[in-house]
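Chains as they are written, first to last, in the working numbering: chain A, 1 to 316; chain B, 1001 to 1278.
Since the hints were made in silico from the structure, they are not lab data. Owing to the predicted nature of the structure, the values given are computational and were not obtained by experimental measurement. Among the hints, a few may not be true.
If you want the footprint, here are the derived chain A segments under chain B, 3+ residues with CB under 8 Å [what the hints assert, rightly or not]:
no., segment
1, 21-32
2, 128-139
3, 262-276
4, 280-294
Yeah, the Cβ is synthetic: ideal placement off N, Cα and C, and Gly gets one too.
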Amino acid sequence: MTRYAAIKLAEALAVMLAVSFLVYLVLEANARDVAVKVLGQFSTEPQRDLWLAENGYNQPFIVRYLRWLWNFVRGDWGVSSHYREPVAVMLPPRLLRTGILAGLALLVMVPASFVLGILAGMREGTRTDRAISFASVVTTSVPEFASAVFLSAIFVFWLGWLPGASTTPGFAWEEVVLPVLVLALYATGYLARITRASMAEVMMQPYVRTALMKGASPARIVFRHALRNALVAPITVIMLQIPWLLSGVIVVEVYFAYKGFGTLLYEASLNGDVALIEACAMVSVLVIVVTQLASDVLYTLLNPRISFARRPDGAA
Amino acid sequence: MTLFRALRRPTAAFGAVVVVIWVACALFAGLLAPYDPLISTTALVEPFSRGPDGKLFLLGTDMLGRDILSRLIFGARTVVLWAGLATATAYVVGIVGGLAAGFYRGAVDQILSFAANVILSFPVLVLYILIIVTLGSSGANIVLAVTFASAPAIFRIVRALAIEIREQDFVNAAITQGEGAIRIMLFDILPNATGPLVVDACLRVGYTAITIGILGFLGLGLPPPTPDWGTMVNEGRAMAMVFPYLVIFPCLAISSLMLGLSLLADGLREASREGSRA
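The following block holds chain A by itself, in its conformation from the complex (with noise of 0.2 Å):
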């Protein structure tokens, strides 16, 4: 096991060493790019040529990477060019409000879509199984801006009951409630359908046929013998939601005008404000490769009959 941990982490300091230099690459490669960004349109090319020099901007390439990366890992993240404030400050606070939407959405889907794909998937065919089914392909069909368009549509502008968009500074139930809900609806459905052919798979076992014959009620079946392994795989499937819900979030929080690290993201690629965008775009991808490897590691603590050795199809 902690070989098996061992590698998977060496894996994913890899990849993260490789993003590193693509998002560098994409952002730093053109330094008169940079310092036109960082100045604004309206600099001369003398301030320009003596930024350039003053942040070491004539070196090599390389020598530039490895220096923004040193400075990275140190958890020194440069300055915002159009906030002025170094984004090492901006962005916990951001974070943490997107960490409360997309806790909250999950807190709403998990249980959600294991009692939908539970249900669906005790009875296959029935037609409990094709509503539910049906339901989650509407969902999962219906992207993050149209679902936020058609809850706004009902809540704000029909009903009146919800605000469309967040406008306290600090934190409102009330503000989340839309963007919470749509999160959790398109993941929703995902997640049920997941579950119900995990859950259908387990009720044709052998072993679940034969607690049927010896006379167990349908609940003792369900709770005692099929959920413990028909949960595997949607548990597992959680983490690698995560993905999904960032890029979920940068679309619901533009547009209910969360302040949370997705508009930070927006707004910082609109502002071309360069350092803000590496550290955003850094951040997101250390999320995603750290639920990987939680997913990877839980996968194989969760089910003991996966070899802790490297999978043969070599899938990460």
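Got chain A; can you put chain B on it based on the hints?
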């Protein structure tokens, strides 16, 4: 065959009908659209009502007085064209990489798989934003961004299929006969991998359509005045409180297209499973 079996299921047939309607809109936009999508014909008119000159606007007009129905129909052309093109390009890259990695294994496989891992570590939208912001928003750059972001996932599927098929007797026979590697990959391995790929392609065209919609919604889509569903939502948002139909119709359009594709993909998957069981 699989397609016919799939269409016997009512949900899949419904999905196929929706997809066909949108594709027809894309192909015959000029014939179907009642007005020019780019010209302001009148002041803002609400759905199901007539303009001052007595012309009927089924879905109303937008804040610039352009007919929304016509913009939706021409928007289908934008979506079907660019989503189709981008997905096709991503498939070419993913298939070439996946076949090479699955056939040769070894160093080729390791390098390509690592590259795929690196790209797949980005949240897709972050990747799109990075690429579009760096290169600017245009149809070609959207194709490039989609290819870059989706090819790794296609690569993984093709690679896994290729590894499996590579072990079968007919491939070994072809190798012993001295057939060239490229010939084996294209004529022996690829045709046997099409089933799962068709299902995936169905969904992926939909995801690409959604991506184009999201980019439009974020203001990073195709430059105006191209009629584009996502951009319509973005433009209508400011007035959505008063005229919700400005944003609801384009959202219904993109959701229905994706729903159609998902139902069709589901039907195809079930049908091919039944086919292999029989």
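Discussion item. At least three residues with a C-beta closer than 8 Å to a C-beta of chain B: is that true for the segment 262-276 of chain A?
Written reply: Since 5 is at least three, the answer is holds.
Worksheet item: Given as covered by chain B, does the segment 280-294 of chain A meet the bar of three residues or more with CB within less than 8 Å?
Response: Coverage by chain B holds here, the residue count being 7 at a Cβ distance below 8 Å.
Practice prompt. Given that the segment 128-139 of chain A was listed as covered by chain B, double-check it with a C-beta distance under 8 Å for 3 or more residues.
Written response: holds (count 3)
Worksheet item: Does the segment 21-32 of chain A contain three or more residues whose Cβ lies closer than 8 Å to a Cβ of chain B?
Response: This one holds; 4 residues, not fewer than the three required, reach chain B with a Cβ under 8 Å.
Consistency note: the structure conflicts with none of the earlier hints.
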